[in-house]
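One-letter residues, chain by chain:
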Amino acid sequence: MRLRKKNYWAITVITWVVLLIVWQLVTMYKITPEILLPSPEKVISTFISLSKNGYNGIPLWYHFLITMIRLLSAVALAIITAIPLGLISGRIKVVYSIFDSIIQFIRPIPPLAYYTLLILWVGIGETSKVVLLYLAAFAPIYLACISGVQKVNSDYVKSAESLGATSKQVFFHVIFPSALPDIFTGIRTAVGMAYTTVVAAEMVAATYGIGWMIINASKYLKSDVMFVGIIILGITGVFLDQLLKLIERKIVFWSGKS
Amino acid sequence: MKKTIRILTLLFAFLLVLSGCSNHKNDPKKVTEVRIGILQVPNDVAAARQLNYLSSYFEKKHIKTKYIIFDSGVDANKALISGDVDFATMGDTNGVVAMSSKIDAKLIWVNDVLGNNEGLVVRNGSGIEGFKDLKGKKIATPFASTSHYSLMMTLEKYNLLDKVSLLDMDTQDIVAAWNRGDISAAYTWQPTLTPMLKNGHFLITSEDLRNQNRVTANITLVRGGFERSHPELVTGLLKQLNRTHQEMQTEPKEIITAASRQNDLRFEEAKSQIGTSKWLTARQMVKQEFMSRKFQEQLYITGKFMAQQQTIDHAPTKNEIRKFVVTKYIDELGDK
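Line by line, the protein sequences are chains A and B.
Numbering-wise, the first sequence is residues 1 to 258 according to our numbering.
Numbering-wise, the second sequence is residues 1 to 336 according to our numbering.
One or more of the hints may lead you astray.
Result set (DSBU-like, lysine-lysine): computed pairs, CA atoms no more than 35 Å apart in a straight line [stated by the list, open to error]:
id, chain 1, residue 1, chain 2, residue 2
1, A, 42, B, 253
2, B, 287, B, 239
3, A, 42, B, 163
4, A, 52, B, 271
5, A, 52, B, 78
6, B, 102, B, 253
7, A, 42, B, 239
8, A, 30, B, 66
9, B, 157, B, 287
10, A, 52, B, 132
11, A, 42, B, 78
12, B, 66, B, 239
13, B, 304, A, 42
14, B, 132, B, 102
Covered stretches of chain B (chain A as the covering partner; in silico rule of three or more C-beta atoms under 8 Å from a C-beta of chain A) [claimed, not checked]:
id, stretch
15, 139-149
16, 307-319
Computed list of chain A residues with no C-beta within reach of chain B, every gap over 10 Å [said to hold, decoys possible]:
id, residue
17, 125
18, 131
19, 220
20, 221
Hints listed in this document are in silico derivations from the structure and should not be mistaken for laboratory results.
Ideal placement from N, C-alpha and C gives every residue a C-beta, glycine not left out.
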């Protein structure tokens, strides 16, 4: 059975509508206790009251902003450091041999495993939170850069060189642009990785942030607030990814066309 | 068509999972295992466990005893909701949270009325001499705990509520932050206090607050379903705990030794960690109208304060508290 594009969209929409209806029904007929699954109305009214009165005396937008600042500054830091290092590692074998094994070692460790250590090292302030997110974001960009450089068609490099391009020119005019689509994929993965660690980062000694709000609400068993926080994180995550896709399409418009 | 069926199947599965969440409250007729949520402190449960009071009682009934350690009442509450524990010891503030979020659980026992085993410690040389000096300082405490409540009450009394920065940390994180010098004060409980008192001193303890009629205590909750179907086991368990409370008053050495062994502490350590906390026997509780009146008043004050701080949605009413605190078990024990 073949469906047109429009119909696929309809299926997605219907799925969500059905999910919402099931949610509504389950809570209406009290199949589960309120504490396990608050009703949609309750979640909406909690969202409205949070937007008006804030959580724990701090406005909701401020919680959101703090979380985003932590996330984006970590990603920005990762972009600034991982792209050059990744590109150079892809090009120069010595640099690759120095850094790659270290990064491969750190990459698979779950961030929570070394978070307590980070707190001992850099304290409970903003630094430990940003560093945790940074470590999560670094590896995807670095690895994407390496694979991007290695994938560059060697004919391009050779023809540029035979036309008399210096190695600097080759790097900036041939290698960098060809690796750009991969770099973008890396950045998108990095944002995703950092995003999944954002709640963990706000677990210790935070006093604001959406992740902190969810954890704090769980201590007082306020499942409605937890739902609001989780939904906010979900929507923002989708939105961030779409935004990155859009930027990618603008900057590397040639991607997938060569 | 296939797709629709698949989606429907998925939704059905989702519904099943949801209904599964609520199902395991139905107790089987026969209990084969009793699960007790404990705090890692030298208290009556630790002593009763070490002296095999609990296990030998339940063994006679062919029931296994399983202990589950919680860092604070926060996780114990979650386990009560999901039905993963039958009894849980926690601070009374977590009891108020449980009550306010209408968890199916009852308060049946007061393990100990807190004394100097909880308190506000300030770092020596941080320039904090009195409460006014706390202004602008970083103070850590585990949120939702009795310590948090005691700290907030103290801050309110000295008009400092918005003038300090409060950090929510687990007890182990507090010690780490203290050692690094990230915080200059913390309201917490033993055993965390001991290492901090090496380079710090008390500004106020829960004993002082107790004398100002702000009582905090560790309490035991029982899961509602368990209490309804097996009240005789509740009585049996409390009888064993009461035994440790009686012996604590007649031969404290033995009880403290037992509690210290259970927590891998030296006798002196356990003794100082228990400090001036009070272990009331069932008879004393009945005589002083402790659970039937005094402690209920304290729960009411606590609930009102927490609601005012917006940590819980609504303050439990006196009627709700009366239903939450079940006194028939200690009445039964106290008469004997």
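Legend entry - Enumerated hints in conflict with the structure, sorted upward: Hint check: 1, 4, 6, 7, 14, 17, 19, 20 fail, others pass.
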